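Put chain L on the given structure of chain W with help from the hints.
The listed protein sequences correspond, in order, to chains W and L. So the first sequence is numbered by my numbering: it starts at 97 and just counts up by one. So the second sequence is numbered by my numbering: it starts at 526 and just counts up by one.
Everything labelled a hint here was simulated from the structure, so no lab data went into it. Since this is a predicted model, take the numbers as computed values, not measurements. Check each hint, because a few of them may be wrong.
[To be verified] Just a few of them, taken from the derived set where beta-carbon distance is under 10 angstroms, the chain L residues facing chain W:
no., residue
1, PRO554
2, ASP567
3, ALA568
4, ASP650
5, PRO652
6, ARG696
7, LYS725
8, LYS729
9, GLU733
10, ARG751
11, THR932
12, SER965
13, THR968
Ideal Cβ placement from N, Cα and C applies to all residues, glycine included.
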Amino acid sequence: MNLFIYFIRRLWGLVPTFIGITLISFFVMHLAPGEPMSIQADFNPKMTPEMRQRLRAQYGLDKPLYVQYLKWLKGLAVLDLGKSFAPDRRPVWDKIRERLPITLLINVLSLVLVIVVAVPLGVKAAVRHNSLFDQITTVLVFVAYAAPAFWVALLLMLYFGVDLGWLPISGIHSLMGYDQMPWWQKALDWAKHLILPVFVSAIGGLAGLSRYTRSSMLEVMRQDYITTARAKGVPEHEVVYRHALRNALLPLITILGLSLPGMIGGSVIFESIFAIPGVGQLMWTSVMARDYPVLMGNLVIVAVLTLVGNLLADIGYALADPRIRTGVQSDE
Amino acid sequence: MKSFKHILVLILTVFFAASGVADAADGGPDYGGAIVVGSIGDASNLIPMLSSDATSHNIAGLIYAGLVKYDKNLELVGDLAESWDIEQDGRLITFHLRHGVKWEDGHEFTSADVLFGFNTITSPDTPTAYAGDFLEVEKAEAPDPYTFRVLYKEPFAPALSSWGDIVVLPRHLLEGVKITESSLARKPVGLGPFRLREWKTQEKIVLEESPTYFAGRPYLDRYIMRIIPDPATMFLELKAGGLDWMGLSPMQYQRQTETPFFKKNFSRYKYLSFSYTYLGYNLRHPFFKDRRVRQAISYAVDKEEIIRGVLLGYGVVATGPYKPDAWYYNPDVRRYPYDPERARSMLAQAGWKDSDGDGWLDRDGQVFEFTVLTNQGNSLRDRTAQIIQYRLKQIGINMHIRALEWTAFINDFIDKRRFEAVILGWTLGQDPDLYDIWHSSKTAPKQLNFVGYKNPELDRLLVAGRRTFDRRERKRIYAKVQEILAEDQPYTFLYVPMSLPVIHKRFRGIKPAPAGISYNLERWWVPRNEQKYIMP
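Bound-form chain W, shown alone:
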């Protein structure tokens, strides 16, 4: 119950933050030189000044900036993100909706992969501090961290896609005959296409998270209560995984919470390389084309993810650390 009240209070506190984010995004976006018509109109000999004015009026760009913002905000209040400025003029939500699932799928899979691999790796490295295993993983992890994702992706594509021919190179399903496949073949087809993108997008996070886990574990292992636990005769396995890890996970919760908004922005690279029609690419092209409504739509999603990430981190804290919960209680 206390947790529930805490949750509601936190949620309510997010509303002004959210509006603030959209306000700043909106004005910063308009600071960038150029306008949406640039793409159609700049250096186009067939474009006349009258048509340029007409287009501006159609997009509502002839109005003062605050009017444009208020209009956008009014739309948002009824969950209408407006229409794209791109020639297709499709509703922004349609454009985002058709791309969001694949981006989220890949990112969630890669996040799961990161956690499943990085946490045990970090714990092992911390427990066997300065051992050969620790040193080897340190080197490997730093190499993986330093290698540019696009380069790793190309090498993997070349090896598994071209030389061995085991895995498809790009796309999310087979070009021919996908529609005729039974469901299990479709699933298999998806899985094959997802292996490389998920792996590549996980590499960076893997390296980072395992290092954080390691240092956090090392910190905790030095604490008095670990010594106490050992002195009580608790088996070493239990000391590490029950007493130490639980405390060591606290900073990791923050990091995971913060990695949520990075999902959209960080997707640009692997979506471009693996030709995956996701939100990252949409965001990138809308920036280049100054497609303000789509850009704002994407920023809303990023803002929501950021806030949700923070919120989840806070809740995670509250769950993992009773002191935070009681702190809230004593406020009232």
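Relative to chain W, chain L alone:
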């Protein structure tokens, strides 16, 4: 090459919808098969007048057809129009339309569709970048279903080519609908060789042969465009067999496709692309006002060297604003071979000497120093700039290079005339008209004569070239235009790069021509035993 991608693409795509006679070699063409093409970008809108990107126009060019089109030799021929008459000194054009042409939904195509397209493109509510040519029209009418007549305010030679696929719209589906809200943007209904089967955003566009095409169905069953934003990935897909056709970079063409695998499976083509790259000067700048300075720089820059170094030899020196295999190209203009001595002496005549012995030229205490701007992310232009920088340093000119993001470059620098020199490119149309780029009336902000070139004689010629339809007369006029530009060097014309496509060997009937290779796509075919994708 990422050149001025949004220009004149419409005109470039007209030749996609060509008809021709089948190739009888190899025992006669078979029907069936599919071609998979790689593209770095998705289409945006398949109503051609509403989009301005090359991909949309490529796809729309296969779905729609125009009254006229360019053939393989870049001559204007009839497509939906069987013939046309030009009267009243070129003011009145009467098109005689083909009978019995059907839209893919079975509705008959008539002159009312053309008139509807014309009314739509000139309507203030239509957000199109292509209305310019049609605003010259005084009156358009459709006196009977197979005649379309258009009267211009003044004779306007580029007008004929403007009646391509951009203005032919299915009236029966669009009448009374706001064009920006029409479902045709994503589900087009056309009358060209192909029709849309499936479009998955940012993933693929699948076209299938259209049984109602008036020139007979294409041999291929499917045309599939896959969107792969990364060129390196695209090349790997090609190697792995996932693609049949892509454009190569000079490096890929020369170094990465010289393998037995490629020789066995792929054919490489090369032809001059419809573009050129130039070093443009701001003619308002005190340094570049002087023609001798511009000429001197043209002598100091080794264009052959740039072609060797940047394009690995896959290009030719540009002598003016046209590509050398166009019918209006004039080879007999002043040329600027690499000659640093001559450059130095010309600069000395203009008052530029190294008076303080620091290695840089100066005049009245001012060092010859300027910044060249180019757009970010174009490695060809970047390297071109570096070679020019090196050569200019040798004659004592200090050139700096600055790369800028495209939109910022255009809006903050080009439009505000805040530049000294630029390295950019122009994409060319098939018509020789250059009015918008070189006429002295086109120097206002947002207009294309941004270098500020003004020459009354050239103005007169550019207007005359628009007023006559006579080809020999036009050739004579534009030959003179090229002479003037070569003499004045408002740009140092650098090079015309080559297009370097690679296509799987199973496709037959590909015949490179001045128009490129894709002009007869619907006549390409695959022998039955080599067909890779069998359609149900």
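A quick look at each hint next to the structure:
1. PRO554: violated, 22 angstroms
2. ASP567: holds, 8 angstroms
3. ALA568: holds, 9 angstroms
4. ASP650: This interface hint holds because 8 angstroms falls under the 10 angstroms limit.
5. PRO652: With a minimum Cβ separation of about 5 angstroms from chain W (threshold 10 angstroms), the hint on PRO652/L holds.
6. ARG696: violated, 21 angstroms
7. LYS725: holds, 7 angstroms
8. LYS729: holds, 7 angstroms
9. GLU733: violated, 13 angstroms
10. ARG751: holds, 7 angstroms
11. THR932: holds, 3 angstroms
12. SER965: violated, 15 angstroms
13. THR968: violated, 14 angstroms
Checked against the numbered hints above, the structure breaks hints 1, 6, 9, 12, 13 and satisfies the rest.
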